[in-house]
Amino acid sequence: MKSKRDTTFVKVAPPVLRGWVPAPMLRLFVRDGAPSIEGLDAAIRGFSVTIVVLLSLLGHGNPVDAYALYATDPTWLALGLVLYNLVVIAVLGVPWRTTPGFPLFVLDWLVASAAILLTGGFLSPFMILYYALVIGAALRVGLSRSALLVIACAALFITLMILRPDPVASLRLPIVVVQVTSLIMVMFMSVGMKRAVEVEARKMQLEEEAGNQLRLLNSLTHAALAGAPDLEQVLRTVASASSKAVCADRGFVVLFDGTREWNNTADDADGLLIVADRDPNPNLLSANEKITIGKVLRMRQPVLTDANPLEHHSPRSRYDLAEHPEAIACVPFLLDDKVIGALFVARYDAHAFSGPNIELLSAISQQVAVAVRMARLYEMEREKAERSQELERLERDLLSMVSHELRTPLTAIKTSVGALASTRAGLAFGETGTSTEQRLLNNIGRSTDRLINLVNELLDMARLRAGRMTLNRQVLNLGEVLLDAVATLRPLFDARSQTLEFDLPSTGSPRWSRLAAVADRRRIEQVIINLLSNANKYGPRDSHIIVGATPRGGLVKVFVRDEGPGIVPTEQGFVFDKYYRSGTLVENSKQEGTGLGLAIARSIVELHGGHLGVHSRQGSGSTFYFTLAQSDVDDSSEELGDVSGKEFNEDLNN
Amino acid sequence: MKILIIDDDPDVVEAITLSFGLQWHEAIVLAAETGAEGKAVFQRENPEVVLLDIALPDTDGFEVLHWIRSRNDAPVLMISARGEEIDKVRGLELGADDYITKPFGYLELSARIKAVMRRAQAPPPLSGGGKFSSGNLLVNYATHQVFLKDKLIKLTPIEYKLLYQLTRNAGQVLMHDDLLSKVWGPEYLGELDYLRIYVRRLREKLEDNPQQPSQILTERGLGYRFEANPRAA
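Chains L and W supply the protein sequences, listed in that same order. Under this note's numbering, the first residue of the first sequence is numbered 1, with each subsequent residue one higher. Under this note's numbering, the first residue of the second sequence is numbered 1001, with each subsequent residue one higher.
One chain only, chain L, in its complex shape (with noise of 0.2 angstroms):
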């Protein structure tokens, strides 16, 4: 810090000044673009005692030797004088490194008073030395203990006047009444002149510290909002900034975690997060530092505090003995009216931070305040992540591990059933057998296959939620997937003797063609599966299902209607939800399943970018239908010889 003001000074200081004056000499004279106190001072007193050396050298020391008390040869005096000063600066450093107490100007009063004496009393040159004494005193030791040396002056003069028997006894009086009241103006001149200086230095200081506060909270605001995650280095940075921009000697950052009441006796700092601006791991606060947030705690403002005899007291704290803190500033940060934690800024000399220091560390906290929600908010967010990340993880793994483990003994049954079921009666595996043992093992077989969807459900809801499902999209006419799924499910319907009815358009008809869409086959064979084998279990038997496909305003859109129960109103809503089972349908028909065939054809037609819905009234029957986009491609380009894909695709726009 005083290396930076040091800079500051030697930057302002007159042009004609720099170079020819010594650098530390020129700080003493001019400070922050001002001149300075101690170089008013010095100055004077180096003028006085010049004017005296030069008046006694040229024979006028004593002027009026007749009348001295004790007749002195003035230029031994004068070059005694000069002497003294030298001894004071050399033994005190006055004026460059210490501030001189009154007890060194009394002595200089006692100097002087002694040379007057010896050089004609009140008419003798060495007076100019009580006006520098009278000047140094009301700039350095303030108004009243220069007014005291004022008096002590003024009573010298008047003992002399009575004292001694003058020559020019009439002008006696008028003098004195001079000298002491141009001692008086003197001194209220200079206590004026250095207030006006002291006056303009605190401008200067107060910009200097108005331009640093500014761009301070800007950057704090800047790394507040960014919701830089590493909220540690953020107290850091705020920590010595603070300090830096108040002029304090050090500064730290305390944070209560928020999960623990904190104890301020406590001898440990648990449940505190401490950042300070030097030791980078404090771990202990002094007892002074505990009081103050004590207080700070239970008053939710801001706490100054002068030095604290405790301090001395208290065991060895983090910081060196020899630095405790005069002046304490602790200043909290609230979120939502509770302290959360504080900022605290110390000063190891006497000077208490001032109503602006303050206003500056509470604009700070509130941006602190805010940085913390937002660093907290972000953990939270994080870590929220985290665990449902971890969630869908362990749901993925055991799903996955589920089915796996389910698959292979499944493969084991099902081969075997299968082989079984064929030898012992001659016939494959899923025809109607007549005998008991053909029909336990076919009995068999449709549990295992009934296993088998339900895995492959599971799997491929799992794969679906986690984005995994991949589609192999080429060209397809969804007339003929539709054709293919019924052929592979007729003799479901025939087992419930429902008749199939069909609502397409004729086989290599225009419209036909018009059926085209880009999907991936099997998956869109297994959305019709889900959707004819829906319609069949819940579809009564001897019943109709109509399956059809039309192509309509650049969609082509597949249906299945049944003459089922319906779903009620309130219910069409949930009916593609994962797990969801229509309580009416469950009902009626009786039916088992997993809930999950509706969810998984959603989201695969919602994968192709179409639309999977449902038209029922209850009592009446249901319609599930879905919509692809329509391919512009049909076919028929594979007849038209040389003309690739992409021609064909223009001949058709055009």
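In short, the hints are calculated from the structure, not lab data. In this text the structure is predicted, and so the values were computed from the model without any measurement. We treat Cβ as the ideally placed atom computed from N, Cα and C, and that holds for glycine. Hints are all accurate, no fakes.
Stretches of chain W that chain L covers, calculated by requiring three or more beta carbons in the stretch to come under 8 angstroms of a beta carbon on chain L:
id: 1; region: 1097 to 1108
id: 2; region: 1173 to 1180
id: 3; region: 1209 to 1223
Just so you have them, the derived chain L footprint on chain W, three or more residues with Cβ under 8 angstroms:
id: 4; region: 1011 to 1024
id: 5; region: 1083 to 1093
id: 6; region: 1186 to 1194
Subject to a maximum C-alpha distance of 20 angstroms in a straight line, what follows is the list of computed SDA-like cross-link-like pairs (lysine to any residue):
id: 7; chain 1: W; residue 1: Lys1182; chain 2: L; residue 2: Asp484
id: 8; chain 1: W; residue 1: Lys1182; chain 2: L; residue 2: Asn472
id: 9; chain 1: W; residue 1: Lys1154; chain 2: W; residue 2: Glu1204
id: 10; chain 1: W; residue 1: Lys1002; chain 2: W; residue 2: Ala1074
Using the hints provided, position chain W relative to the given structure of chain L.
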């Protein structure tokens, strides 16, 4: 016919062995539970077809597949409980002939094995003969030989069948499912991975720059087309 099953689940191995014993009398089933054992049996017995599980106790099926492919072209069917697209593609790329997801039944398995065996045989005479030439490429349909710059190119039966379909219909777009159905069989409709991998292999063998093919062209969303004699065009 020797069939080697490399699978660590004894129940699955036993079910397959017994089923084949009951129904497919000419099939001799050899079993191995680990990759190392599988390799040893493979070397000793020289099976005509291999059923290879991906998850093995000592290694994974891909490593065994790689090992087998470095020795001969015996048909390999990968069997896996995972059924993930990525496993399938990896298996096919490493040279597996088919990929079956557990659970499967006896009928499905035997059908797939027979299909693979059939495909692995020398391709049937698909046409009465004749030749096809385009640029540096010459296909002799009578002898099933393919020459590139007068050099004989070795193609697997599937690769040859695919090239046959493409060159026979040069200039026309062949839809994915048509190719799959004609080259692999109707049960492979929609299995675009097979097609993609074999088209890539053909390009690697026949194209100057497989990344930017000039003869075997992709018709996005539709299928493939053989562009005859691009230099003359």
